[in-house]
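All chains, please: the whole structure from these sequences, using the hints.
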Amino acid sequence: MDSNSSSPRVGVFVCHCGSNIAGTVDVEKVAQEISKMEGVAYAGTYIYMCSDPGQKLMRETIEKEKLDRVVVAACSPTLHEKTFQINSKNAGLNPYQCEIANIREHCSWVHEDNKKATEKAIKITKSIVEKVKEDKSLTDIEVPITKKAIVIGGGVSGIQAALDIANGGYKTYLIEKDSSIGGKMAKLSETFPTLDCSQCILTPKMVEASNHPNIELMTYSEVESVSGYVGNFKVKIKKKPTSVNWDLCTGCGDCYNKCPAKVPSEFQEGLSKRAAIYIPFPQAVPNKPVIDRENCLYYQKGICKICEKVCKIGAIDFDMKEDIVEIDTGAIVVATGYREYPLENLTEYGGGKYPNVISGLKFERLLSASGPTGGQIIRPSDGKSVKDIVFVQCAGSRDIEEHKPYCSKICCMYTAKHAMLFKHKVHDGNAYVFYIDVRTAGKDYEEFYYRTTEEDHALYTRGKVSKIFEDGEKVVVWGVDTLTGKKVEIKADLAVLAMAIEPSVGIKELQQKLKISIDENGFLKEAHPKLRPVESMTSGIFFAGAAQGPKDIPESVSQAGAAASKVLSMFSSNMLHKEPLICEIDEDVCSGCGVCIALCPYKALEAEITTKEGKEVKRSKLNEALCQGCGTCSSACPSGAATMRNDETKNMFKMIEVILE
Amino acid sequence: MTKANIAFYWASSCGGCEIAVLDINEKILDVIEKANILMWPVAMDTKYEDLKKMKDKSIDVCFFNGAIRTSENEELAKILREKSKILVAFGSCAHEGCIPALANLFNKKLIFDRAYKETETTMNNEDTLPQTSFMTKEGEVHIPEFYDTVKTLDQVVDVDYYLPGCPPTPNIVEDAFNKFLSGDLPPKGTVMAPVKALCDECPRKKKDKMIDTIYRVYEKEADPEKCFLDQGIICMGPATRSGCGHQCIKGNMPCTGCFGKTPEVTDQGAKMISALASVLAVEKELELDEKKVEDLISKIKDPVGTFYRYSLASSFIKRKVIK
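Chains F and W, in that order, give the protein sequences.
Start counting at 1 in the first sequence, then tack on 343, and there's your number in this note's numbering.
Start counting at 1 in the second sequence, then tack on 115, and there's your number in this note's numbering.
Do not take every clue at face value.
[Claimed, not checked] With a straight-line Cα cutoff of 30 Å, these simulated DSSO-like cross-link-like pairs (lysine-lysine) come out:
1. LYS379/F / LYS520/F
2. LYS379/F / LYS993/F
3. LYS416/W / LYS438/W
4. LYS224/W / LYS961/F
5. LYS961/F / LYS335/W
6. LYS321/W / LYS946/F
7. LYS142/W / LYS294/W
8. LYS961/F / LYS438/W
9. LYS768/F / LYS730/F
10. LYS955/F / LYS320/W
11. LYS399/W / LYS964/F
12. LYS579/F / LYS322/W
13. LYS365/W / LYS955/F
14. LYS322/W / LYS856/F
15. LYS581/F / LYS858/F
16. LYS433/W / LYS997/F
17. LYS955/F / LYS303/W
18. LYS964/F / LYS341/W
19. LYS583/F / LYS858/F
20. LYS224/W / LYS438/W
21. LYS955/F / LYS341/W
22. LYS407/W / LYS851/F
23. LYS829/F / LYS807/F
24. LYS993/F / LYS435/W
25. LYS399/W / LYS946/F
26. LYS321/W / LYS958/F
27. LYS435/W / LYS407/W
[Unchecked claim] A few chain W positions that, by computed beta-carbon distances, are all more than 10 Å from chain F:
28. LEU144
29. ASN222
30. GLU340
31. CYS363
32. LYS438
[What the hints assert, rightly or not] Here are some chain F residues the structure puts well away from chain W; computed CB gaps all over 12 Å:
33. SER378
34. LYS399
35. LEU400
36. VAL453
37. TYR513
38. TYR642
39. ASN688
40. ASP731
Note that these hints are calculated values from the structure, not bench results.
Backbone N, C-alpha and C define an ideal beta-carbon position, used for all residues, glycine too.
Structure (structure tokens):
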């Protein structure tokens, strides 16, 4: 039954939510007051409206009382609006004529005074009754889907998401800004809590992604622009010039072995050098070099060209230009990962100043068998062996005043791993760890930490390090043991700072291109922290991995799988159903002034000139599929032509009026 | 055929609306052919006493211009309502308050102090101010009370139709006469002008509204081909009802909004502020700190006079609160 009748029969169902609402709000009184309103045919209460009997009560009452619209006075619409809309639909009503009056989060939870809270709950509910009376019966919008996906970021999260989508049978583009996929995980030595070698478990996945018939790897590429909407995005990808024709290149390595220009290797965290033409690491996928033009003698000084001379197949192409390709895609997974908070920001620890104060990631390269030292722990300053080592946890994390307010989550565990691996390599060495708290929530994590302290005898001191400075060959660490209250001074060979992690560089630009939100710390903001953790607020865009918040490998991989399953479930139907609660342009009112057009963040509006009865008619034309119902146009529209469906201004005034009564 | 009885009245207005009736030129003769004019202060001497003696509803259509500023305005509005079958708010003052209602930024005391004491050319050592009654040798003199707040006609009596404009343009006046005299009446409450905003009839080229800064009309010679807003000159056209024949635009001056809001809008000024705030420097939004935003906004001189020049009395806020 669809109803746009002028004499509505509204049913109001007030939920107790156990004592969540009924503990503060007199729900019976709310029902009693609401039942006096014009157009309200029924008002009743139930202890848990969302429960099966609650929903049944709703359906039966809708039928018995011949209701055509429904208000549920309960919790936030973000929680159960869908539940109740579906229930109303099952009872034969139009789901968009079912509204939620939020008397829990907006009322009972934030008030203590019973009488006043009840009055407020009545006003909230009255206002929503006024809204539902004007709500029109609407039908969902159907949008076709392009069943291809783009995954941005080729770390372990991106690789996993791409593999899962590709294995589901859909074409997936994996976009990576560096020349190889692998991300941060490729740099790690062993992984907690099982101590598998990181490369051993990652590289097979990299190869699988590269060989997968449904995956197209686009490395050394970046997202240039994004337009379109869920199911039908158009993504422009900028392929940066590699200066090497990868179709010809066999990856023999002659070029980078002969290249005379040497610069610090990013992959090795500056512990060794790489050539200007290089692959980041030997297991790179694809195993093809690029020329770093900023450090190449030819590009900088016009000399050299040795790589061109040694390349037997003539793959070097100094004139290569960047290329822009446009990809049609139905879904986008953002997996752009993290970076370490810059060491230089920790001046109190001599970060960036003392060569023997290093970050956790650099220590991973020292530990790694494929690292520049072959896994030997040495001092970067002089190459001498390390006997006393200090690990400083929360370096930049949990520091509201100076650095990052949040817990970077992975550092407690990797520090435990670092200390353990150090002790495995340097049997007579001493590993000191400074911590605020040790957080080991995760499967087998606490046991791992126990091994570090009890079996490998790493010495944990509870307290924050106040200062690190150089004294001769040593770095001196000053801290306080907060359990004993004593000052602690350790003269160490090496200090490893468990740096806070933050979103990758460029996340802000990407966020603007994708029109998604970021939180106060710069991480991607999910649609709901608990119930929609891998979805953005923009439909069709999903998250995987540490770009959304600090995450370890198991979590990143499971989130990648979750994002992929969201994409796959979207691709399982041929049409998308979209909520019709979007903008509407009244053609009879729109004068074509154009104010709204530039403002629409989704580019859903365009200027159109048509001819009607021989007269030129200007107006803004809406693309329903693009519109997300944000309301920007409607608030800006100076003539009132742009309105929000079921949220029209005149209805809002009615809603406000009953609140002010 | 019996002639219709029509009346004109002026309340608080400049007199321009009275003249606007004559702007229809020789067509006034057609009107006179079909109608008796019972009252027309600018042209005829009709005494209030005679008006009061008329039977109720003996005037077929009364065109009432001017806002309600004094007790006299209000009294006449009420009498004319009783005597008229159809009461038309004629022109912006009766419709929305117009320029006289900008006095709602002040009150009676502030206005009297300024007018009778503070103006540079005034000598008033005894602080004499107008009184509603005053005893003279000849007897007691009464003058109307001056209100604190200017009101629109429909804020004091029921109004049937509205003719917008400062003043209403000849085309809409003629159209209204034709409709009333032929009995072809629109629904009660209709504003007798097109529903779309002025941009609908404006021939200027429009681009996406990306306005970096604001110019006052004297600061920049406007390109007559291009949309004023696109050039950074505030034009009320997007928020103003069309039907005026875009005369100001033709004269290379932006619309100031005299035809009032479009029917879907509640508050013309608020709508235009919202529109302008939305598009102003939208491209550079991220670069602007609070100071720069303030500088930009401060380029709008006299915001009430810009956005509420005609509609203050009929807006949400209606007047300034003076404590």
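Cross-check of the supplied hints:
1. Distance restraint check for LYS379/F and LYS520/F: the Cα-Cα separation of roughly 63 Å exceeds the 30 Å cut-off, and the hinted pair is therefore not satisfied.
2. Using a Cα cut-off of 30 Å, the hinted pair LYS379/F and LYS993/F holds, with the two alpha carbons roughly 23 Å apart.
3. Annotation: proposed proximity of LYS416/W to LYS438/W holds, straight-line Cα distance about 24 Å (limit 30 Å).
4. A C-alpha spacing of about 49 Å is found between LYS224/W and LYS961/F, which places the hinted pair above 30 Å, so the restraint is violated.
5. Of the pairs offered as hints, the one joining LYS961/F and LYS335/W holds, with about 27 Å between alpha carbons and a cut-off of 30 Å not exceeded.
6. For the proposed pair LYS321/W and LYS946/F, the alpha carbon gap of about 18 Å is at most 30 Å, so the pair holds.
7. Using a Cα cut-off of 30 Å, the hinted pair LYS142/W and LYS294/W holds, with the two alpha carbons roughly 14 Å apart.
8. Note on LYS961/F and LYS438/W: the hinted pairing is violated, with a Cα-Cα distance of about 47 Å set against a maximum of 30 Å.
9. Proximity of LYS768/F to LYS730/F is assessed by CA-CA distance (about 10 Å); at most 30 Å being required, the pair is judged to hold.
10. Taking the CA atoms of LYS955/F and LYS320/W, the gap is near 19 Å; set against the 30 Å cutoff, the hint holds.
11. The suggested pairing of LYS399/W with LYS964/F holds, with an alpha-carbon distance near 25 Å, which does not exceed 30 Å.
12. Restraint check for LYS579/F and LYS322/W: the C-alpha separation of about 25 Å stays at or below 30 Å, so the hint holds.
13. For the hint pairing LYS365/W with LYS955/F, the CA-to-CA distance comes to about 24 Å; that is within 30 Å, so the pair holds.
14. Straight-line distance between C-alpha atoms of LYS322/W and LYS856/F comes to about 23 Å, which keeps the hinted pair within the 30 Å bound.
15. This hinted pair checks out: LYS581/F and LYS858/F have alpha carbons roughly 19 Å apart, not beyond 30 Å.
16. As the CA atoms of LYS433/W and LYS997/F are separated by approximately 20 Å, the hinted pair is consistent with the 30 Å bound.
17. Proposed proximity of LYS955/F and LYS303/W is supported: the alpha carbons are some 28 Å apart, at most 30 Å.
18. The hinted pair formed by LYS964/F and LYS341/W meets the criterion: a straight-line CA distance of about 21 Å does not exceed 30 Å.
19. For the hint pairing LYS583/F with LYS858/F, the CA-to-CA distance comes to about 23 Å; that is within 30 Å, so the pair holds.
20. Restraint check for LYS224/W and LYS438/W: satisfied, since their Cα atoms lie roughly 12 Å apart, inside the 30 Å limit.
21. In summary, the hint linking LYS955/F to LYS341/W is supported, as the alpha carbons are separated by about 24 Å, within the 30 Å threshold.
22. Under the criterion of a C-alpha separation no larger than 30 Å, the hint pairing LYS407/W with LYS851/F is consistent with the structure, at around 23 Å.
23. Restraint check for LYS829/F and LYS807/F: satisfied, since their Cα atoms lie roughly 12 Å apart, inside the 30 Å limit.
24. Straight-line distance between C-alpha atoms of LYS993/F and LYS435/W comes to about 25 Å, which keeps the hinted pair within the 30 Å bound.
25. A C-alpha spacing of about 18 Å is found between LYS399/W and LYS946/F, which places the hinted pair at or below 30 Å, so the restraint holds.
26. Only pairs whose Cα atoms come within 30 Å are accepted, and LYS321/W paired with LYS958/F is accepted, the gap being roughly 18 Å.
27. For the given pair, LYS435/W sits about 28 Å from LYS407/W by alpha-carbon distance, which is consistent with the 30 Å threshold.
28. No beta-carbon of chain F comes within 10 Å of the beta-carbon of LEU144/W; the shortest separation is about 31 Å.
29. Here ASN222/W stays apart from chain F, with its beta-carbon at least about 26 Å from theirs, past the 10 Å limit.
30. Distance check on GLU340/W: its Cβ is at least 15 Å (rounded) from any Cβ of chain F, clearing the 10 Å threshold; non-interface status holds.
31. At the 10 Å boundary, the C-beta of CYS363/W stays outside the reach of chain F, the nearest C-beta of that chain being 16 Å off.
32. A cut-off of 10 Å between C-beta atoms confirms that LYS438/W is not in contact with chain F; the least separation is 22 Å.
33. No Cβ of chain W approaches the Cβ of SER378/F within 12 Å, the least distance being about 31 Å, so the stated non-interface status holds.
34. Listed as outside the interface, LYS399/F is consistent with that label: its C-beta sits roughly 42 Å from the nearest C-beta of chain W, beyond the 12 Å cut-off.
35. The claim that LEU400/F is not at the interface with chain W holds, since no C-beta of that chain comes within 12 Å of its own (minimum 40 Å).
36. Consistency note on VAL453/F: stated as away from chain W, and its beta-carbon is indeed over 12 Å from all of that chain's, at 29 Å minimum.
37. The Cβ of TYR513/F sits about 36 Å from the closest Cβ of chain W, beyond the 12 Å cut-off, so the non-interface label holds.
38. With a least CB separation of 32 Å from chain W, TYR642/F remains clear of the 12 Å interface cut-off, as annotated.
39. No Cβ of chain W approaches the Cβ of ASN688/F within 12 Å, the least distance being about 24 Å, so the stated non-interface status holds.
40. Its beta-carbon lying about 48 Å from the closest one in chain W, ASP731/F satisfies the requirement of being farther than 12 Å from that chain.
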